[in-house]
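J.: The lines below spell out each chain.
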Amino acid sequence: MSLVLALAATAGCKDTPPSTPVAAEPRPAPPPPRAHLQKLRGQVTVKRANGDEWVRATEKMALFASDKVATAEGARVELVFRTGGTVTVGENALVGLAETGALAGQAPTDVTVLQGRVDAVLQRPDRQTLSVDTPEATVRAGREVVFQ
Amino acid sequence: MSALSLLVLVVHLGAPPVGAPPPTMEVVVARGESLAEVAVRTLGDASAASELRALNRLPSGEVRAGTRLKLPGAARARAQSALNAVRAAITQRDAGSSAEAHVRLKGAERLFLSARYDEAAKAADAAWALVSDASAPVHFSVSVDSDAGVTEVASHGGMPVRVEGQGTTRSVSPGQKIRVARGRAPPPTPPEPLPAPHPLTPVRAALLRRPPAQGGGLEPVLVKWVAVPGADGYAVEVTSERGGTWTVDAASAQTALPPLPAGRYRWRVWALKGQERGKPGPTRTFTLEEEPLELDVNGATWQ
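Keeping their order, the protein sequence lines are chains P and U. Everything in the first sequence is counted per the working numbering, starting at 145 for the first residue and increasing by one. Everything in the second sequence is counted per the working numbering, starting at 491 for the first residue and increasing by one.
In case anyone wonders, no lab produced these hints; they're calculated from the structure. Just so you know, not all the hints are guaranteed correct.
As the list claims (entries may be wrong) - Far from chain P, by Cβ distances over 10 Å, these chain U residues were calculated:
no.	residue
1	Glu527
2	Gly648
3	Arg652
Claimed, not checked - Here are some, though not all, of the chain P residues that point toward chain U, as calculated from beta-carbon distances under 10 Å:
no.	residue
4	Gln187
5	Thr189
6	Lys191
7	Pro269
Unchecked claim - Partial list, derived from the structure: chain P residues whose beta carbon lies under 8 Å from chain U:
no.	residue
8	Pro174
9	Pro176
10	Arg178
11	Val257
12	Val262
13	Asp263
14	Ala264
15	Val265
Computed from a predicted structure; not experimentally measured. Idealized CB from N, CA, C, for every residue including glycine.
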């Protein structure tokens with residue numbers, strides 16, 4: 145696959161347009177949000193994966209892979225994941241949504257906590273999983289973790 | 491072919507395929523070393539010798555010095571983790587509801603000892619599903635102190651969560667807390683306290699009548715309680731309201747008290763496991779009276 149891409153890349157030079165017209169590939173649909181915010185209280189800010197600025201979070205704001213959420217003193221917010229888990233981020237916390245691609249052989253995580261406290265709830269652990277990563281450990285909840 | 495595409499091809503061919511098993515580790519048998527000793531040296535457990543034998547398809551348990559033995563990979567740790575999970579879940583359940591799970595666990599353990607780790611993990615999970623309350627919501631908290639380099643994980647409800655780090659996985663049950671330092675493996679969770687045995691008989695505030703016993707006191711009272719999974723013994727404490735306390739050790743979930751004089755008593759039971767003593771069960775009372783003598787007057791010869 146990589147070879148094919150590489151060949152295509154070398155063939156497609158700016159100065160030498162292809163002799164045969166190439167049909168424009170349909171733009172891939174944007175990935176669905178990984179989670180959304182709810183029950184905001186206090187100062188909660190979000191930094192997009194492709195952005196440099198922290199913006200004020202809003203109710204029902206969608207979150208995507210590699211987005212970050214920060215809470216100020218006295219603030220809190222809930223992250224509701226599409227997979228079913230809910231993570232309440234406490235004050236003075238910094239969390240990030242996990243990147244989309246986990247390394248080969250490693251199970252993916254949902255959220256990374258870099259600072260502060262989160263409280264996680266998984267309503268249907270027989271069907272759902274929730275994983276929280278930190279610099280020191282990975283915490284996994286839900287049935288599948290037993291035999292993944 | 492351009493230089494770029496050639497480079498990509500080389501890199502592509504040099505990279506391990508996605509999802510490929512990790513490189514197999516091997517060990518060389520030292521002079522005079524038995525398979526059990528190799529198992530202890532490499533896997534920390536002499537009973538893992540059967541795994542090494544199965545994994546390396548050895549015709550017998552004897553190995554010659556210099557033999558290269560293949561060691562199990564990550565699948566063994568996963569299977570071991572699954573087995574530990576079901577063992578913990580069975581311990582938390584009473585014997586009646588976990589009988590089938592126990593049978594399945596034994597099957598999973600046999601697969602494990604045969605080095606069939608993936609099958610063992612699945613079998614263990616099937617057993618685990620029988621005894622785990624997977625329908626209850628899981629609630630846990632994670633606190634990160636980035637300055638101290640410490641993560642604290644606490645389980646508050648539902649099935650246990652699993653804490654992974656440095657290749658080690660720990661199970662944290664509701665009520666338990668674990669602190670993981672940066673660069674360190676999660677420490678073992680403290681053992682769960684033995685649950686309190688529930689008293690069965692004598693029932694609450696029972697009135698018991700016993701004939702006099704030879705040697706003093708009244709004939710013994712039999713006390714029973716619900717067995718505690720994992721307990722290897724019990725301690726029964728009986729206290730008289732007139733003063734005096736008796737402690738009786740029991741191997742099973744019932745025991746006869748020593749001959750007691752008539753009176754009112756309180757009793758309670760602890761489960762024991764090695765040196766550990768669990769929480770005491772609720773206190774029950776009973777009143778012990780001397781059984782009235784039955785006079786057989788029918789056979790009397792006097793008039």
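J.: Determine for every hint whether it applies to the structure shown.
T.: Hint-by-hint comparison with the structure:
Look at Glu527(U): its CB is around 31 Å from the nearest CB on chain P, clear of 10 Å, so calling it non-interface holds up. At roughly 6 Å from the closest C-beta of chain P, the C-beta of Gly648(U) falls inside 10 Å, breaking its exclusion from the interface. Not every C-beta of chain P lies more than 10 Å from that of Arg652(U), the closest at about 5 Å, which undercuts listing it as non-interface. Hint on Gln187(P) is violated. Least Cβ distance to chain U is approximately 20 Å, over the 10 Å limit.
Hint status for Thr189(P): violated, given a least beta-carbon distance of 18 Å to chain U, over 10 Å. Given hint, Lys191(P) at the interface with chain U, is violated; its Cβ is 17 Å from that chain's nearest Cβ, farther than 10 Å. Interface hint status for Pro269(P): upheld, as the beta-carbon distance to the closest one in chain U is roughly 5 Å, under 10 Å. With its C-beta approaching chain U no nearer than about 25 Å, Pro174(P) sits outside the 8 Å limit, and its interface hint is violated.
Against a cut-off of 8 Å between C-beta atoms, the interface hint on Pro176(P) is violated, since the closest Cβ of chain U lies about 23 Å away. Interface restraint check: Arg178(P) against chain U, minimum CB-CB distance 18 Å, threshold 8 Å, status violated. A least Cβ separation of about 5 Å between Val257(P) and chain U falls short of the 8 Å threshold, and the interface hint therefore holds. The criterion of a C-beta within 8 Å of any C-beta in chain U is met by Val262(P), whose closest approach is roughly 5 Å, and the hint holds.
At its closest, the beta carbon of Asp263(P) sits 5 Å from a beta carbon of chain U; the interface hint therefore holds under the 8 Å criterion. The restraint placing Ala264(P) at the interface with chain U holds, with a minimum CB-CB distance near 6 Å, inside the 8 Å limit. Hint status for Val265(P): holds, given a least beta-carbon distance of 5 Å to chain U, under 8 Å.
This entry does not satisfy hints 2, 3, 4, 5, 6, 8, 9 and 10, going by the numbered hints stated previously.
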